[in-house]
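If you're matching them up, the sequences are chains A and B in order.
Take 1 as the starting number for the first sequence in this note's numbering and just add one per residue.
Take 434 as the starting number for the second sequence in this note's numbering and just add one per residue.
Treat the hints as calculated values from the structure; they're not laboratory data.
Heads up, some of the hints might be wrong.
Claimed, not checked - Below 20 Å or equal to it, Euclidean Cα-Cα: the simulated DMTMM-like pairs (lysine to aspartate or glutamate) are:
(1) B:484 - B:570
(2) A:379 - B:570
(3) A:392 - B:444
(4) A:385 - B:570
(5) A:395 - B:444
(6) A:407 - B:474
(7) A:379 - B:487
(8) A:379 - B:474
(9) A:379 - B:494
(10) B:489 - A:353
(11) A:407 - B:486
(12) A:395 - B:474
Unchecked claim - Covered by chain A, according to a simulated footprint, are these stretches of chain B (three or more residues, beta-carbon under 8 Å):
(13) 441-452
(14) 559-570
A virtual CB, placed ideally from N, CA and C, is assigned to each residue, including glycine.
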Amino acid sequence: MIWSKEETLSREEIEAIQLTRLQQTVRQVWEKVPPYRKKMEEAGVKPENIKSLKDLSKLPFVTKQDMRDNYPFGLFAVEKEELVRIHASSGTTGKPTVVGYTRRDLQMWTECVSRIAAMGGATKKDVAQICFGYGMFTGALGLHYGLENIGAAMVPSSTGNSEKQIMYMKDFGTTLLVATPSYALRLAEVALSMGIDPAKDLQVKIGLVGSELLTDAMRAEMHKLWGEDMLVTSNYGMSELMGPGVSGECQYLDGMHINEDYFIPEIIDPKTGEVLPAGEKGELVITCIYKEGLPLIRYRTKDVTRLIYEPCKCGRTTCRMENLDGRTDDMLKIRGVNVFPSQIEEVILGIEEIGPHYEIILTRENHTDRMEIRVELLKATDTFKELEAIEKKIKNKLRIVLGLDAKISLESPNTLQRFEGKAKRVQDLRKEI
Amino acid sequence: MYIKQLSVFIENREGRLQEVLDVLKKSDINIVSLSLADTSDYGLLRLLVTKPEEGKAALLENGFSAMLTDVLGIRLRHRVGQLQELLEVICKSHINIEYMYALSTGTDDASIVIKTSDLEKAAALLQETDVELVKAEEIQA
């Protein structure tokens, strides 16, 4: 179901809205955010120079480093008393990034998430269980208000106590699950260990997953455990931009529809910063054009994708972004080869003798990178021959995909760490030499 | 004719063997014989126990990769050449012995456990000789 008419406007209509809002935002930031005004002055650009959407490329970028440098409120465009909510990112790599919302920002956020949830099949009839951690993280509350706005019955179960989560699902008749893909798999495991088959004994038919990449292989694994008829869609967002709700997949699963009346996407060459022509792959840059609290202009997401402007079969005309390969941040350089953990995941999920959980450990010995991949053995066996064959199978597939050799460590089932939030599967123990 | 052997995958890590034995103890399962084979990364623990089905279930429940495999138990007389003569029968028929370990069933006799490539054929061949196969009931007391 299409939630708002703004999702079906013609290109001209969308662009007219975008230009007006962009001009307003640039003026507001120029007046209220000194660090960004300084950047604009250094780039020799003033608000009146933004005459068309093409002029967007004249504006300087904002990076995560800018947010840290101006911690906590330096990039906010309103007085503190206008704020009604403050969130912060997990801050796994340094100080957290802080985001503030005015009342209108929260309304916009709710609208954005309602659209994305409706794309993923949510209706007022749903019982929606949010298995994201409630707290400073934007994921849980973002999805919560959007789904509640649609009229779904919210079950804010948060993370943890997985057996109780399954009990709620069964007893409340949960139909919609919000979780990271890895926690969704974990919940299915827990259900099975309780003698409950998620595909048959539970009524969960919609999965809105986010906060982690959803690879095709992971989606297939979700279907295997939660049932073939489950509609599993991924959605995209980041706290700096608002939280979830920037874009999401519809039932056709062919890219994520961007809420273009609120966000302008661009694709740039991450090395030169040049804007790339439509359809090319590069780093996604997003400009917030309707936010009051923290209206970031040309924020570098570090996510690699491509934009699709052709209208979708679902009837929406908004630009779509392809599902991500990974963040440039997540990319590993191993013996000079660029590797996204998602590539390793695809291989692992395609091998039936092992489970979907894995850990990647990188070390350096004698100036050479070594990669160890720990996986769980699902197939019980009585011979070393069979164990070696399984190891070899994983090794060969990885070599084909990555062009690299890895040491495979087979572990017993349920021994690798499980994650309730974002999975941290890579341990890089290499010391800079 | 066959004995059900419990096979468990264990990583080469401190305490893993102990954990397996702990699970069996808590399920009141006695170990009659065992063999532990290892590589640098992992090992296979093969056990003859009093309650193989229950042992397997308990181990699976505790997160181990475990299965049951059919093996042959053969009673041997304590005499020079007995094992060699026995294996000659098997090898002549081009049956491959995958692994073998000792099984203690009494004071006068020795016994071995073997797993071969064609277990059915090996069992048939052995039954034609004068050796006695150990019965599953003797283990699963």
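Hints, verified against the model:
1. B:484 - B:570: holds, 10 Å
2. A:379 - B:570: Given pair residue 379 of chain A, residue 570 of chain B is violated - Cα atoms ~28 Å apart, limit 20 Å.
3. A:392 - B:444: Holds, because 18 Å separates the two Cα atoms, which is no more than 20 Å.
4. A:385 - B:570: Violated, because 30 Å separates the two Cα atoms, which is more than 20 Å.
5. A:395 - B:444: holds, 19 Å
6. A:407 - B:474: holds, 11 Å
7. A:379 - B:487: With a Cα-Cα distance of about 19 Å, the restraint between residue 379 of chain A and residue 487 of chain B holds, given a limit of 20 Å.
8. A:379 - B:474: Holds. Residue 379 of chain A to residue 474 of chain B sits at ~17 Å (cutoff 20 Å).
9. A:379 - B:494: holds, 15 Å
10. B:489 - A:353: holds, 19 Å
11. A:407 - B:486: violated, 34 Å
12. A:395 - B:474: holds, 16 Å
13. 441-452: This one holds; 4 residues, not fewer than the three required, reach chain A with a Cβ under 8 Å.
14. 559-570: Since 0 is below three, the answer is violated.
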